[in-house]
Amino acid sequence: EPEVTQTPSHQVTQMGQEVILRCVPISNHLYFYWYRQILGQKVEFLVSFYNNEISEKSEIFDDQFSVERPDGSNFTLKIRSTKLEDSAMYFCASSDSSPPFFGPGTRLTVL
Amino acid sequence: RKEVEQDPGPFNVPEGATVAFNCTYSNSASQSFFWYRQDCRKEPKLLMSVYSSGNEDGRFTAQLNRASQYISLLIRDSKLSDSATYLCVVSMDSNYQLIWGAGTKLIIKP
Chain A
1 EPEVTQTPSH QVTQMGQEVI LRCVPISNHL YFYWYRQILG QKVEFLVSFY
51 NNEISEKSEI FDDQFSVERP DGSNFTLKIR STKLEDSAMY FCASSDSSPP
101 FFGPGTRLTV L
Chain B
1001 RKEVEQDPGP FNVPEGATVA FNCTYSNSAS QSFFWYRQDC RKEPKLLMSV
1051 YSSGNEDGRF TAQLNRASQY ISLLIRDSKL SDSATYLCVV SMDSNYQLIW
1101 GAGTKLIIKP
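As you go down the protein sequences, you meet chains A and B in turn.
First residue of the first sequence? That's 1 in the numbering used here, and the numbers climb one at a time after it.
First residue of the second sequence? That's 1001 in the numbering used here, and the numbers climb one at a time after it.
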């Protein structure tokens, strides 16, 4: 069964550093998403991406964040100048106009 | 008012029992509705979409009431493996910018 993969599974970084979270969506999917979930809280939409551009983004997705599809398979989320409050699970998801399938997530810990 | 509201639980239910969750949403323009399931520290997984006519998948039945803006999920003959958090999810458009409830925790006891 095809699946969304994410690397790394856990990323620890120092406050102020930049991190790149990587995702490989399901191969024939055209819509890609990033969500985050702070421990004990609900899942929050960050951004959706279609046709090599952002289609929607939330208030959370400010200038600190960027997404990129550098090649035909990867989809990345870059977080610049990380803050303590960026600590969360970051889920990548993809869809083919179906409800999204989620990857296993990257746990980001900012110290 | 929260956009998608759920009773956080936990619901402690004996194995084999029937359990039901409700969820309310605030935006009447919401287009699509889903139940996702999330195990502890895992990713959400789609359980089922919810259609206006109601739909069933094995032991699971989902219903949508657009007039009252609520969604329900019924689990019959509950199994230990049904223990999880059940997330009510609403989409405003076809781009699946999903709006999530905080989830209802279900614990099935032997």
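Check each hint, because a few of them may be wrong.
To be verified - Sample of chain B residues facing chain A (criterion: CB under 8 Å; computed from the structure):
1. Pro-1008
2. Pro-1014
3. Ala-1017
4. Ala-1029
5. Phe-1034
6. Glu-1043
7. Leu-1046
8. Leu-1074
9. Ser-1078
10. Leu-1087
Calculated directly from the structure, the hints in this document are not laboratory data.
Everything numeric in this text was worked out from a predicted model, so none of it was measured.
All C-beta atoms in this analysis are idealised placements derived from N, C-alpha and C, irrespective of residue type, glycine included.
Of the hints given before, which are not true for this structure?
1, 2, 3, 4, 8 and 9
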